[in-house]
Amino acid sequence: EAQVTQNPRYLITVTGKKLTVTCSQNMNHEYMSWYRQDPGLGLRQIYYSMNVEVTDKGDVPEGYKVSRKEKRNFPLILESPSPNQTSLYFCASSLGVGQGGGELFFGEGSRLTVL
Amino acid sequence: DAKTTQPPSMDCAEGRAANLPCNHSTISGNEYVYWYRQIHSQGPQYIIHGLKNNETNEMASLIITEDRKSSTLILPHATLRDTAVYYCIVRVGVSYNTDKLIFGTGTRLQVFP
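Residue numbers (the numbering used here), protein chains in the order written: chain A, 1 to 115; chain B, 1 to 113.
Check each hint, because a few of them may be wrong.
Restraint ranges, calculated between C-beta atoms of paired labels, are given here [said to hold, decoys possible]:
#1 B:66 x A:10: 46 to 54 Å
#2 A:18 x B:7: 36 to 44 Å
#3 A:11 x B:80: 39 to 47 Å
#4 B:42 x A:17: 44 to 52 Å
#5 B:15 x A:71: 40 to 48 Å
#6 B:74 x A:2: 39 to 47 Å
Think of the hints as simulated: they come from the structure by calculation, not from any bench.
Note that the structure is predicted; figures quoted are calculated from it, not measured.
All C-beta atoms in this analysis are idealised placements derived from N, C-alpha and C, irrespective of residue type, glycine included.
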């Protein structure tokens, strides 16, 4: 089954404790991306990757890091989380080429709370 | 620098057509229009996309104006399950140097009995 898998789905952590949210897709997609969603602000793009070893900033990259060492995985790293990073996070992937990049497949979301 | 603008909310009676507008006046010639919807806090779900021509699938129809500066998503017979936030985005894909996507806040569609 084609899917994007995020882990963990729920996490409560404390300020400054490094954490990684993993994202994996099984569709051989070139494009992967991370979004955060906060009440009233819609979906905002954090980082995206157009292929292995190619990443770029979205609209709200501050406080986050990403890596794309292999095609299927695109982890989101919070080196020193702060309370303003409390949010619902979504990972998504798509083919990337043709038809404007193809439809985005989204993960189920990871709800992160930073105390 | 929003690429699309949508009304924040709309209502629709169950069984009637829901017409959701989207303005993308700065769209470039190689950008596609994509529509997604999000039910509660689930991951957004793809609905339909198009470049120039009108498109239809089992979920919806997409009408793109001739100048491509706006589009309308049509849910022909809205049901209560169509209550969601609908996002319109424009996208060119990774064939070019950037594939930054701006979703905005979308349109909250409320379907009522």
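Structure-based check of all given hints:
1. Checked against the hint of 46 to 54 Å, the C-beta distance between residue 66 (chain B) and residue 10 (chain A) comes to roughly 47 Å, which is consistent with it.
2. At about 41 Å, the CB distance of residue 18 (chain A) to residue 7 (chain B) agrees with the hint of 36 to 44 Å.
3. For residue 11 (chain A) and residue 80 (chain B), the hinted distance range of 39 to 47 Å is not satisfied, since their beta carbons lie about 33 Å from each other.
4. For residue 42 (chain B) and residue 17 (chain A), the Cβ-Cβ distance of about 28 Å falls outside the hinted range of 44 to 52 Å, so the restraint is violated.
5. Between residue 15 (chain B) and residue 71 (chain A), the C-beta spacing of about 45 Å keeps the proposed range 40 to 48 Å intact.
6. Between residue 74 (chain B) and residue 2 (chain A) the beta carbons are some 27 Å apart, a value that contradicts the proposed interval 39 to 47 Å.
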